[in-house]
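S.K.: Protein chains in written order, with my numbering: chain A, 23 to 303; chain B, 23 to 303; chain C, 23 to 303; chain D, 23 to 303.
Hint data in this document are derived by calculation from the structure and do not stem from the laboratory. Beta carbons are placed, not taken as given, at the ideal position from N, Cα and C, and that holds for glycine. One thing to keep in mind: the hints can contain errors.
Claimed, not checked - Not the full set, but computed from the structure, chain D residues with beta-carbon under 8 Å of chain A:
| no. | residue |
| --- | --- |
| 1 | Leu184 |
| 2 | Ile209 |
| 3 | Ser211 |
| 4 | Thr216 |
| 5 | Asp221 |
| 6 | Ala223 |
| 7 | Pro226 |
| 8 | Ala227 |
| 9 | Glu230 |
| 10 | Leu249 |
| 11 | Pro252 |
| 12 | Leu253 |
| 13 | Arg255 |
| 14 | Val258 |
| 15 | Val260 |
Protein chains: 4
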Amino acid sequence: MFRVGLLAFLDRSFAVKLLVSRDVQPENSIVRVGDVAFGDGNFVVMAGPCSVESEEQLMQCADVIASSGGQLLRGGAFKPRTSPYEFQGLGEEGLRLLALARERFGLGIVTEVMSEADVDLVAAYADLMQVGARNMQNFALLRALGRCGKPVLLKRGPSATLKEWMMAAEYILASGNPDVVLCERGIRSFDSHTRNVCDIAAVPAMKEMTHLPVILDPSHATGRRSLVTPLSRAAVAVGADGLLVECHPNPDTALSDGAQSLTLDQFRALMMELPCRILKS
Amino acid sequence: MFRVGLLAFLDRSFAVKLLVSRDVQPENSIVRVGDVAFGDGNFVVMAGPCSVESEEQLMQCADVIASSGGQLLRGGAFKPRTSPYEFQGLGEEGLRLLALARERFGLGIVTEVMSEADVDLVAAYADLMQVGARNMQNFALLRALGRCGKPVLLKRGPSATLKEWMMAAEYILASGNPDVVLCERGIRSFDSHTRNVCDIAAVPAMKEMTHLPVILDPSHATGRRSLVTPLSRAAVAVGADGLLVECHPNPDTALSDGAQSLTLDQFRALMMELPCRILKS
Amino acid sequence: MFRVGLLAFLDRSFAVKLLVSRDVQPENSIVRVGDVAFGDGNFVVMAGPCSVESEEQLMQCADVIASSGGQLLRGGAFKPRTSPYEFQGLGEEGLRLLALARERFGLGIVTEVMSEADVDLVAAYADLMQVGARNMQNFALLRALGRCGKPVLLKRGPSATLKEWMMAAEYILASGNPDVVLCERGIRSFDSHTRNVCDIAAVPAMKEMTHLPVILDPSHATGRRSLVTPLSRAAVAVGADGLLVECHPNPDTALSDGAQSLTLDQFRALMMELPCRILKS
Amino acid sequence: MFRVGLLAFLDRSFAVKLLVSRDVQPENSIVRVGDVAFGDGNFVVMAGPCSVESEEQLMQCADVIASSGGQLLRGGAFKPRTSPYEFQGLGEEGLRLLALARERFGLGIVTEVMSEADVDLVAAYADLMQVGARNMQNFALLRALGRCGKPVLLKRGPSATLKEWMMAAEYILASGNPDVVLCERGIRSFDSHTRNVCDIAAVPAMKEMTHLPVILDPSHATGRRSLVTPLSRAAVAVGADGLLVECHPNPDTALSDGAQSLTLDQFRALMMELPCRILKS
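Based on the sequences and whatever the hints tell you, model everything.
M.R.: Below is the structure:
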């Protein structure tokens with residue numbers, strides 16, 4: 023009686039002819055960000071503070087990330103905040119600090135772009151352009167990123183189905199940019215115990231359907247520092263291509279997302295057990 | 023033991039000093055769109071096709087809407103679609119057809135703007151600028167609409183809390199535009215029986231917290247034609263300030279959202295029982 | 023491309039041969055509880071306290087309910103509570119008080135049965151046997167109620183689909199009891215602003231698929247007193263067959279669910295505007 | 023502005039004095055099922071068919087499970103099914119087959135009890151009494167299991183919060199039975215791509231709050247065979263105390279849940295990589 027329902031779980035007919043689909047390209051896409059590759063079996067760790075707050079804060083993070091085997095530096099210069107009265111990021115000054123950290127520590131930069139109008143500005147600094155969860159279906163932004171010349175990190179929307187997420191990536195590919203990395207970051211659910219529910223099965227489920235790399239953001243997925251390390255291990259276990267993780271020299275004073283940021287010591291300890299290839303020496 | 027939980031339902035402390043809050047402005051805001059007023063006790067019906075498809079289709083709709091007491095004409099010229107390969111709207115040609123319908127039938131125009139880059143273009147035609155559910159937290163777009171000089175219809179995101187929705191409106195007000203109408207259009211839930219779950223209680227709950235007008239979109243909230251009329255009655259029952267409803271001369275051939283569009287006869291029948299003030303004669 | 027999805031909204035094939043289905047019985051079922059009928063176009067109001075707490079509390083409620091046109095008295099004697107340390111109800115003493123109120127005020131009694139072992143005991147007192155939301159898929163209880171000889175009020179589970187809810191009713195009918203009234207009481211969602219999300223569209227959607235009466239519980243659906251009256255109006259607007267509503271002489275001292283209970287004055291005011299046929303004179 | 027919300031993620035005040043709480047008992051509970059121990063650092067694999075269908079089917083499973091290091095045999099004799107017309111299990115005949123498999127292969131038995139009336143019957147055969155997700159808040163059943171003299175496997179309800187799940191366990195402990203194992207089996211969400219969403223973070227989050235063992239059911243959590251192995255690895259990664267996994271000699275002919283059952287070869291391959299201590303030799 024419910025066989026149709028069961029079959030629906032397995033239905034991929036919507037994806038048959040999409041550029042993002044494994045039916046069109048069976049082998050993994052390799053997305054290169056400088057000398058870092060996503061999708062080739064490597065496990066890439068991107069880390070850093072939620073917001074770029076100051077030169078000192080950022081350099082402290084970058085130093086620890088580079089020396090412990092992290093491959094890319096994340097940090098928000100333009101911050102999407104629920105309230106217009108919360109800290110909105112340092113803007114271009116934040117981008118300049120990220121570029122300075124890249125120069126000093128040799129780490130590529132991941133940072134969010136929130137507006138079509140900022141695509142050129144952010145692309146002038148960033149190595150990997152991040153689309154936040156709230157903008158997953160900002161189609162004008164996706165099209166602009168399809169023409170930006172830089173690889174894109176596309177976060178899943180908080181209530182996006184896997185189909186919708188694939189389709190959002192399809193907008194970028196269809197606009198001319200094949201270099202998209204997908205990032206599961208938790209979905210909205212009924213229990214406020216964690217900030218979001220980490221849909222860990224989405225990682226292998228997406229990798230069945232698409233050839234694009236898929237990574238996990240355990241920080242937003244849980245909202246709680248103590249859960250970040252176990253979830254990072256789970257990311258490895260399910261075959262994710264990497265992690266996007268928040269760390270901060272002093273999380274209790276962070277201007278955003280302190281509760282989910284690892285301390286730098288916790289980050290170092292996490293790196294000791296992850297299967298990252300150390301590229302910087 | 024769970025008293026704290028119960029109190030949390032009633033917590034409005036986040037809203038104390040917001041421009042959108044009733045704590046700041048106890049009386050209703052009246053948002054004027056031409057000679058139509060939202061928030062003054064009137065029940066405003068905005069109707070039309072999901073997408074503007076052709077002059078004939080749009081004029082047939084506009085004729086019936088105007089003659090049956092509808093006050094504004096809705097129609098999508100820029101369409102947010104899950105897939106890049108679905109019909110994306112007629113663009114500026116669609117806006118021109120809407121303007122033509124306004125001229126012929128005296129109906130103000132509601133239409134969606136999907137991109138900051140299109141704000142000026144859309145504002146040159148529209149009387150009420152619609153922000154779609156997917157863009158509720160596209161903060162760059164919200165800020166641009168705060169400076170556009172036209173009133174804004176802000177749809178609730180499919181998984182937005184009431185707080186997040188109020189905060190999204192706050193972005194527009196804080197950017198200089200006090201004329202915002204809020205639209206409940208269903209939230210994402212676990213049952214695919216209806217397209218979304220119509221959170222009807224959100225209408226009175228929002229009106230307790232904010233002085234802005236709140237309307238209902240029963241078409242997207244249910245996705246099913248047969249449920250649109252009962253939900254429209256419910257909108258009146260809970261004190262909504264109006265409706266945004268889809269109708270089409272021939273829903274079965276619609277390029278988008280046919281299953282949820284009323285036929286023109288069904289729309290006429292609906293209007294007979296709604297408490298609209300007939301403004302056009 | 024998504025036509026299949028749209029059709030899925032309308033799929034009723036699962037229901038074709040069910041006893042509860044309109045395909046099997048096109049006309050409404052009339053469920054009689056004493057001289058009260060559900061499903062014949064009448065709008066039935068069942069009201070009373072969440073928990074029976076004392077004779078005085080219950081009689082005060084019953085007096086107001088009877089004199090303002092309410093038709094059945096609700097009150098919990100066995101209470102399902104999240105914690106084992108919360109008030110669990112008065113048990114059989116509560117049932118005796120309900121019977122006393124019936125005698126004095128001529129109101130039939132609705133009360134919850136939580137356990138197969140209690141079915142006979144509760145059936146000895148109750149006129150309508152309530153299955154709580156947590157027990158919607160307690161199939162052993164449903165089968166026992168199929169043989170209990172009394173009509174059943176079946177609440178929707180907090181995350182039950184409409185199909186699952188119909189199937190739960192089917193268990194009762196298939197066990198020999200055709201007298202089932204369905205009750206929408208809100209579903210679980212992501213926003214804690216209201217206790218549950220009232221899925222108002224479920225009322226007409228269920229009535230399309232099943233011939234059984236469908237009523238609304240606006241108290242549990244919202245968890246907030248101020249929203250109960252607007253939602254009660256919405257129940258009438260969408261064609262519900264009645265209401266199950268909580269009221270209390272002094273909600274602030276209630277042993278359970280005080281925040282969502284109407285005062286007796288609020289209840290009287292609500293009754294003034296509902297289309298109930300006054301049966302008691 | 024949202025600090026209160028962030029703190030709420032970490033709030034455990036509700037749990038302070040519960041029997042299940044780590045505040046009351048900081049060290050792990052060890053729950054023994056025959057010579058198998060949960061909670062002592064061992065990783066326990068329980069496997070078998072969704073439903074006991076025949077002697078041949080069950081013995082084939084048990085043989086492979088025992089020889090590959092599985093420690094307990096699962097199999098449903100009483101099956102909770104959405105429709106009353108679906109296969110309901112073999113009942114006591116199923117229990118007898120399970121006991122026969124125990125005798126032959128030395129595996130303890132896990133099986134579901136759906137009704138208070140069946141507690142004694144099931145306890146006469148089972149080594150570990152399973153409470154299904156639909157019955158997590160069937161408080162009468164929980165109390166009966168508190169007095170049954172056997173350890174209990176308590177599945178999380180499909181929309182239960184972590185607090186509600188802990189409270190359900192508290193009912194069992196408060197009724198006199200300290201031997202409870204908790205099982206995450208996926209929660210209900212908006213995407214039908216997987217049957218449920220596996221809330222993997224619930225495992226470490228629960229283990230922070232309670233001293234009871236917590237295991238994962240990757241079969242129900244995903245509903246798809248291809249995702250069971252990656253999710254099993256994730257269970258190890260996040261510190262789960264074990265797995266409950268479905269396997270079947272021929273999943274395509276299974277009377278229930280075939281799509282999520284591993285073949286026996288897939289199960290054997292999974293066992294090769296799990297950190298189970300082989301107890302049977």
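S.K.: Each hint: holds or not?
M.R.: Verification of the hints:
no. : hint   : result
1   : Leu184 : holds, 5 Å
2   : Ile209 : holds, 7 Å
3   : Ser211 : holds, 6 Å
4   : Thr216 : holds, 5 Å
5   : Asp221 : holds, 5 Å
6   : Ala223 : holds, 5 Å
7   : Pro226 : holds, 4 Å
8   : Ala227 : holds, 6 Å
9   : Glu230 : holds, 7 Å
10  : Leu249 : holds, 5 Å
11  : Pro252 : holds, 4 Å
12  : Leu253 : holds, 6 Å
13  : Arg255 : holds, 4 Å
14  : Val258 : holds, 7 Å
15  : Val260 : holds, 4 Å
No hint from the list above goes unmet by this structure.
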